[in-house]
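Colleague: The two chains are supplied separately, each in an independent frame; assemble them into the complex guided by the hints.
Protein chains in written order, with the working numbering: chain A, 1 to 38; chain B, 1001 to 1574.
Some clues are possibly wrong.
[Unchecked claim] Selected chain A positions facing chain B (in silico; Cβ < 8 Å):
1. TYR20
2. ALA21
3. CYS24
4. ASP25
5. LEU28
Derived from the structure by calculation, the hints contain no laboratory data.
Beta carbons are placed, not taken as given, at the ideal position from N, Cα and C, and that holds for glycine.
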Amino acid sequence: MLDATMLALVVICFALAKAYAGLCDRLLARAPGEDVPP
Amino acid sequence: MTVFGWLQILLFAALVGLITRPLGGYLARVYAGEFTPLRPLLHPIEAALYRLAGVKPEVEQSWYGYALSLLIFHAVGIIALYAVLRLQSLLPLNPQEQSEVAPDLALNTAVSFVTNTSWQSYAGETTLSYLSQMAGITVQSFLSAASGMAVAIALIRGFARRRSPTIGNFWVDLTRGTLYVLLPLSVAAAFLLVADGVPQTLAPAAEVTMLDGGFQTIARGPVATQEAIKLMSGDGGGFFNANSAHPFENPTPLTNLVELVLIFAVGAALTNCFGRMVGSERQGWMLLAVMAILFGLGVGGLYSSEAGGNPALAASNAGPANTQRPGGNMEGKEVRFGIAGSALFAEASTASSDGAVNSMHDSFLPLSGGILLANMMVDEVIVGAPGSGLFGMLLFCIVAVFLAGLMVGRTPEYVGKKIGSPEVKMTILALICVPAATLGLTAVASVVEPGLAGLGNAGPHGYSEILYAYTSATATNGSAFAGLSTSSPFYNLTLALAMFVGRFLVIVPVLAVAGSLARQSIIPRSTGTLPTDRALFVCFLLGVIVIVGALTYLPALALGPIVEGLQISRGMLY
Chain A
1 MLDATMLALV VICFALAKAY AGLCDRLLAR APGEDVPP
Chain B
1001 MTVFGWLQIL LFAALVGLIT RPLGGYLARV YAGEFTPLRP LLHPIEAALY RLAGVKPEVE
1061 QSWYGYALSL LIFHAVGIIA LYAVLRLQSL LPLNPQEQSE VAPDLALNTA VSFVTNTSWQ
1121 SYAGETTLSY LSQMAGITVQ SFLSAASGMA VAIALIRGFA RRRSPTIGNF WVDLTRGTLY
1181 VLLPLSVAAA FLLVADGVPQ TLAPAAEVTM LDGGFQTIAR GPVATQEAIK LMSGDGGGFF
1241 NANSAHPFEN PTPLTNLVEL VLIFAVGAAL TNCFGRMVGS ERQGWMLLAV MAILFGLGVG
1301 GLYSSEAGGN PALAASNAGP ANTQRPGGNM EGKEVRFGIA GSALFAEAST ASSDGAVNSM
1361 HDSFLPLSGG ILLANMMVDE VIVGAPGSGL FGMLLFCIVA VFLAGLMVGR TPEYVGKKIG
1421 SPEVKMTILA LICVPAATLG LTAVASVVEP GLAGLGNAGP HGYSEILYAY TSATATNGSA
1481 FAGLSTSSPF YNLTLALAMF VGRFLVIVPV LAVAGSLARQ SIIPRSTGTL PTDRALFVCF
1541 LLGVIVIVGA LTYLPALALG PIVEGLQISR GMLY
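Extracted from the complex, chain B is given alone in its bound form (with noise of 0.2 Å):
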């Protein structure tokens, strides 16, 4: 580990910090409608979106209108998707004449975007037209980031209404989000990357001559626009197959710095907002805290492994690293990025809900391997992707207080509403269905014969690459261990099952609650209630976050990259 690697990491963290709170304040401003700077500029678009699509505004709706609203529009999106990749070849804006995509991988593609996960078992540059990559991919990562934030605002509304039936209006939530936050950021950010060399050209591939006088042909297309929204997203799908490993995705170590940034700015930003909308900026900040803790922990453990180096190379011929050979393993890096690069960006990426990559995590060493799926496994807490990340950490509160209530027998309460019965129902069910099908679909693709044709390593590896592509799937991440090659009928079906349920049978269940907890007043802080704005709580939802994340996926991290991680210590490899 260097010093500059330690300021990279610190630099990234301050940076979000200093953004978190006046992004925070303007998400608030933009979903209760007040006035922002662009309001004058975008007010007569989202007025004219809403009379084109008959959507009234001032109408609000209940958490079932909202969750069947968002249903709908989603299983739209899925077939408009399909139906653009089955049919690209005919369309226009395809100069490599790409053919048309499989049925099965273009509905995994499209569960895939509409869903927030961006899992790809395609590579982009040599399977998607730039019309499926514009109109079909980007449009996807904007509007799925939205309806992420969207329950989001939805269920904070649910902490901060007294005794109010309704939740608040899809189609306004959709819109805003999409108008006033993300469209505006990815302007800006599309430019920032252009600056630094990524390219934004409708042209087809150049043909260049080498030295040699050989040909090579070099991808390009509108990247930048589609770069931006990718991270600010959680989206994280790749123009490239490399991902932002790729030289015209991600060019620099600064361009490497912004998409860090972007990866992480909306979803730390909502807990402000949260804050703000509950009357309690102090309750934002405890949940950054909570999150900052697990992201830093994660961060270095990632860093301090990676930098270590493989014990089974030092053991060989090799031998252990010195001053000419700094050691550390940069198997699957990029050297523009190093080993702190890669290690903090697969760390947010992981953490996040992005899934975007800038080094290879299948060539991560085995315990490396285990915190990106211990970040995957919690639910994505860690800032999440927009949206998701917010209302899986205000879930875990839910559990914590409810935990906390039942040690001093006290009904619990969070921001001043009870958590009952229903909620914690609900609560419980959205919390289930991941680690249900996660581990229900990995342990079936581990035995059958088309799960087990994919593996591109035995042992404990090979599993580990079924277990991560289940994991990220569920995890709407989208970031792939690599090695498992998935490009099957079997892969695709069952992983955009899993896609569908880790995003959709997770956000009906958080409706439920913001609507549960939208009808009740908000009682007074008494004596009796436990202070969620203290450390106390923040070691205490620690804890819970950690004891819920290994009692539910211990036993799958043991067969995995704990034993592996034990294995490669005496030599063994697979």
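The shape of chain A in the complex, shown without the other chains (with noise of 0.2 Å):
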């Protein structure tokens, strides 16, 4: 039970990090009309 816990808190935690790897993803998006370094 206690390792099923454990292995589950690694899943969500990485899961997690996917999703932040996501909104980076996002954020690195320019907004329209935004400057486009050359």
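Modeller: In structure tokens, the structure reads:
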């Protein structure tokens, strides 16, 4: 039971990290009209 | 302080300086897939590994793909190490018949070694089987270091490439870092350590009869192979509980010097690798100069503080130091290393992300403890672990050119890349999650019952123990202040969370910065470009690191080591 809980924690943390990467990807997208470096 | 002590420090600095350029050049060639002397021997193995794993080395990844590969790889790593630790009593190579590791401790240990932290809430010789040490701990020391190096290389490619949608292939970078860099250096270092007395055996612990007729169990095992990568990887997790203070891990002053150089070798060389890859070695030397200055200040402060001795002891009946009793704070230090060897090791270990110890940091004087904390609090940019030190320093470079740009009203740029709002957002995200986790978890542990239950000391020293634990975990350092009992589910789980945040929530935005920069062209240098390869920028960058660190952490430090340092001079001890 405890093993399942620990493994669930790992899975949840990495799922959150993946969502965090997705958030970073959206933040990186420049808004229309924003300067694009040469 | 003694001349010999300073000579030790200078010899170490000179050795690191000497190997930086050749090793940096080697790293640059390895990651570019160019010829190296080891390539004829290792390339067939590399190619076989790709075939086995279904990796196409010529196919590169976007930053997002690179990050996902890294996250998946380490998620599997945590689960695999957790399984080894939980099942070790059923697995072979367990001559001491160690039982399975408790679930919360197994999770903490798995996260710790996969994140390159090596926080240890256990004593290795009484908890882990040889298989757990070798196939679990040591393997992850290699892989976590190679992963950190891969991230640094990806960020360098971001600076070096023009209009590229990709930043490399994570699996290729991981394999090359492990195969061409860490493995050969570890094998060479392990032989050196064995030659000077570090054991390497699968035989069980020795049972010996002592002179008084009693029996003693002397733990031993495959120490040398773990020791080499423990130091070089920035991992720092010892085979024995006493870590590099144990005579089987670090028997002589010579091994102490070898271990110190191993701690800094790859991290320092990566600065040169950076310079080469962006087309100006001078840029790399400037970064190393900033690291060297911060290191010099730290080791100078530590050595003078420890050599000065405990003011409370001097004020007691023991009297001040004299020629018969030279003084200095030797509590918690090995006589064979002395104060200089201990101060140098402590500085190197906390400045880098290694976390190995050859003395007990809890026994350092309060202000020395503050220096150790400060090293970790500035994201361990002073060389750091392989990869993480360099990308931490590059994040500060981005902040520095951003601030300089604000001052003069120009778009900031660094090594030919404009630093726009996306890069600054990602940099701040990476820099802010570490103090958020450190300070937030320290605050929680300082007030809740399970947190306070682990304290070994009262007052500001006890608080410093908690602050040190979370700082060490989020900075992926792994050294312990001792004094704090962290073998409880509360500490095991919260420290695991801190390590996870400190590693992966930093790496993801770093890779995002790499991806964003790689998409840009390289802009030519103009009269309005801030020169980042001059002494002025070194000073500016130093100021930024110190000010950002101080603004973030000074209140926390004031409550712990600073107030304790002021009180110890009045004879108040905790």
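Colleague: List, from low to high, the hint numbers that the structure doesn't satisfy.
Modeller: The structure conflicts with no hint, since it agrees with every one listed earlier.
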